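Trainee: Chain A is fixed; fit chain B onto it per the hints.
The lines below spell out each chain.
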Amino acid sequence: MELDTFIKNFEEAVEDVEVGSLSGNTVYRSLEHWDSLAVLTVIAMVDAEYDLRLKAKELKQIETLSELHALLESKQST
Amino acid sequence: MPKCRFSDVKISGIVTCVPTLEKWIDDELELFGGKVKQLERLKKTIGLHRRRVVDEQTTAADLCEQAARRLIEQSAVEPSQIDTVICVTQTPDYSQPCNAAVLHGRLGLSKYCAALDVNLGCSGYVYGLWLAHTMIASGGCERVLLLAGDTISRLVNARDRAVAPLFGDGGSATLVERSQSSAATFFSLHTDGKGYENLIVPAGGARQPCTKVTAVAVEDEAGNFRSPENLFMDGAEIFNFSITEEPKSVIELLEYAEMDADAVDHFVFHQANRYILSNIAKRLKLDIAKVPMQTVERYGNQSSASIPTAICGELATALADRSSTRLLLSGFGVGLSWASALVEVGDLAVCELIDYTA
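One line per chain: the protein sequences are A and B, in this order. Its first residue numbered 5, the first sequence is counted upward by one per residue in this note's numbering. Its first residue numbered 238, the second sequence is counted upward by one per residue in this note's numbering.
Pulled out of the complex, with its shape left as it was, chain A reads as follows (with noise of 0.2 Å):
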C-alpha cells in the first residue's frame, strides 16, 4: 500500500481538504474538518478502497497520517 496513494484517498474522503495539502506527519484529528462525519467517509474509504474494517476506535487511538496508513499494512498482512 503506497503511503501517497492512501493519503490521496484520504484527502478525497475528507470533504473541503485541499488535494496535496496533507502529509505522513499530518496530525489528522486535528484538522478542521475531522468530525464525525469525515469518520465515517475515512472508514467508507478504506472499505471500498482496500477491503479493510477499519474502526471508530482505531482513527482515536492514533495520531498521523502515516500512523493510520502503518496500521492499515498491518491489517493487511493478517
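Mixed in with the good hints, there may be bad ones.
Unchecked claim - Examples of chain B residues toward chain A, derived with CB under 8 Å: (1) F269; (2) G270; (3) Q275; (4) L279; (5) K280; (6) T282; (7) G284; (8) T448; (9) E474; (10) N477; (11) I480; (12) K485.
As the list claims (entries may be wrong) - Beyond 10 Å from chain B on every Cβ pair, some chain A residues (computed): (13) M5; (14) K12; (15) N13; (16) E15; (17) E22; (18) S27; (19) V43; (20) T45; (21) L58; (22) Q65.
No lab work stands behind these hints: they were computed from the structure. Keep in mind the model is a prediction, meaning the values are calculated, not measured. Cβ atoms here follow ideal geometry from the backbone N, Cα and C, with glycine treated the same way.
Mentor: The following block gives chain B in isolation, referenced to the frame of chain A:
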C-alpha cells in the same frame, strides 16, 4: 443461520401511514452550532433533508391502526377472517399489554385470533413477514395481519446531532395470506447480539428503570446531549456493520434461491440513510435504478416501517404496471439484527401511502 423457503403464501396488500408534521434539516442550523458547511456536508453526503414526525399525542399504534383500516377497507377481507395479528414495534403504547392486543381490540378482530408483538426495529419488517409465512405454511393460519411501525423521533434527544436529524415515524399494515398460485419466497435471518450496545435505549426497561437521574441529559465528548432514556447510536459501528453484513447476506440469499441479482426487479433496503444505501449498492454492484432510496430523505429513517414505506411510496406504480415483480427486501439494525427476503409481488389489492389524520 436459518434460511428457508415457502410456497403457497403471498403478500396481498400493503398500506403505510405517515404523520403530516414535516421537519427540515435546513431549519436546524442551531443544532449544528451555526456551522453551515457541516450541515451542507451532511445533506450532501448522508442525504439528510426532511422527515415526518408525530406530535406528542400520536403513537406508532395510531399510525398502524389507520394503515390497517385502509388495508382492510381496500382488500376483500373481513376483520373476522384474520387469524393472527403481529405487531413489530419498539415504541409500543404500553410496556404491557402488547400493541397487537390493543390494536386487535381497536380493529374489532375475532376472538379466534392470535396476537403478539415482536420487539425488533430496522430488521423487524422482514422478521414479521417471515413469521407470517411460517404461521401460514404450518397450516394454522389463513390470513396474517402484519403491523410494523415506530415513533423513534420520540426517543431521540433533540440536541443529539448523531440521531435527531435522522429519524422519522411511520406505521404500516401488510396482509399475508395463503395462495395456491404464488411463487416461492425465500428468507434469511441473522443476529449478532454482541453488538447490542451500539444502538440502544439504556433506561426504561427492567435493567435500568426510569428515575430522576436517567431523565437528565449529559453532554458527550462530541458535544451531543442525551440521557439514558434517549436513543444512543454509535454511527461508525452501525455503518461498519451495515456495509459488512448487508452485502454478504444479500449474496447468500440469492445463492440460496439460485438466482442472479439481475433477476431481481427492486432491492428494497431498510431506509437507514442514502450514504449507507449507496455504499451497500456499490459493494453489490447493483443498478442504482433498482434501489429505492428517496424514502429516507422524504420521511426520515422510520425503523420497522421504512421498507413498507419505500414499497408504497416509491414502487406502487411499478408494481401496478406488471403482473409480477420480484423484490429483495432487507432490513438491518438494532439487535444487532438483519434479515432478507426474496418475494414475488403481484396483483396487490392495495399499495398506498397515506397521511395520518388525527
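Trainee: Against which earlier hints does the structure fall short, listed by number upward?
Mentor: 1, 2, 5, 7, 8, 12, 19, 20, 21
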